[in-house]
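Asks: For the record, the sequence lines run as chains Z and G. 212 is the number that UniProt numbering gives to position 212 of the first sequence; each next residue is one higher, with no gaps. 166 is the number that UniProt numbering gives to position 166 of the second sequence; each next residue is one higher, with no gaps.
These are calculated hints, taken from the structure and not from any lab test. Where hints are given, some of them may not hold.
What the simulated footprint calls covered on chain G by chain Z, stretch by stretch (three residues with Cβ under 8 Å from a Cβ of chain Z suffice, anywhere in the stretch; the number is not a length) [to be verified]:
(1) 74-81
(2) 105-115
(3) 118-124
(4) 134-144
We treat Cβ as the ideally placed atom computed from N, Cα and C, and that holds for glycine.
The primary structure of each chain is shown beneath.
Number of protein chains: 2
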Amino acid sequence: MATQTKPILHGYFRSSCSWRVRIAFALKGVEYDQLPVNLIKDGGQQLTEEYKALNPMQQVPAVEIDGTTLSQSLAVIQYIDETRPGPRLLPADPKARAQVRMISDLIASGIQPLQNLYVIQKIGAEKMQWSQHFIDRGFQELHSENTLFYTADDEHRISMADICLVPQVYNAERFKVDVGKYPTIKRLNEALLEIEAFQVSHPSRQPDTPDDLRA
Amino acid sequence: MATQTKPILHGYFRSSCSWRVRIAFALKGVEYDQLPVNLIKDGGQQLTEEYKALNPMQQVPAVEIDGTTLSQSLAVIQYIDETRPGPRLLPADPKARAQVRMISDLIASGIQPLQNLYVIQKIGAEKMQWSQHFIDRGFQELHSENTLFYTADDEHRISMADICLVPQVYNAERFKVDVGKYPTIKRLNEALLEIEAFQVSHPSRQPDTPDDLRA
């Protein structure tokens, strides 16, 4: 019975980790409700006692699902993949799974954490150069590791690695990284953005998207 | 036949991500060879063209296993878990798996990346305060999320979360964080360090451990 209740995503339109979860829900065809948490307003709504009771990590996303609350986007995505029907977000073969996790972790552990709000706030005035430096570093690595990403030629099998890529490119553009330096990343990102699951989950189309950023 | 060849771990005695993989091999009873990569000497042996050919991410650990090369420690650990017999490093139940991945990711994405060598080098003189700040931040979160960790009372089931915890506490001590502020973390760490797999994999007992740090 718990699984018949719609999951609730506590997220923020522009949080790349929230976007990852939205893509996974969309690819799996899972309906969910959103309760936006504004990371900026009121000094950060994720810092309230109310939110802390839900997610002690005081970050987004947090997902209420099947009677429990999960956080950390890759843990959430793999839980969705393991418990919901629909296309696999991780391949069945262990080596291929490892490749997908490698690319996902490169982004989720190697690039994104350095642009987390609480890191950027500590860096202060140099946040733009800081972010560019580490995104460029990560994209250089990623560019040599892209063999397993989605291509329009194969079976259109979209993986967790693709789910991590697109929000990271969005972040890169926010920090004015020239993504054109990485033609494979740029091409993949453009191809993925053609897919409905990436469009409906886009930061420009969420309930909490401000009017001036709305697509 | 490929699976009968011993895996080769390219790591560094003090790298917490290398230590994670060593613990996983030890828990699973997998024999492996080590080829040390000195992250400091010669400006960093991970930056050589030879190593880059092995692991374009130019980080440790990298593991040659079953005819392929894997990197990113959590991807490696899950690959080992999925392909080797022995105790499960992730529980079978999807919710419990998600909990283990949440805690693992909190450490592997939320704490450790901010002490990565290439981040610390960019921070420069303030690296000690910087590291303490983010380890404390992470440990405060972790301290409220420890329900799934190993306890001596249950079935002694050690998970990937425990594998992540111990090397992170070791890092915390290197950066002079007062771990005593987090009694549950301290207690768990001490209990885990009593277990052989955590002892044989310890940074003080590796082929590349310098004599003055050797246990």
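Asks: If a hint holds in the structure, say so; if it does not, say that too.
Replies: Here is what the structure says about each hint:
no. : hint    : result
1   : 74-81   : holds (count 5)
2   : 105-115 : holds (count 8)
3   : 118-124 : holds (count 3)
4   : 134-144 : holds (count 4)
When the structure is compared with the earlier hints, no violation turns up for any of them.
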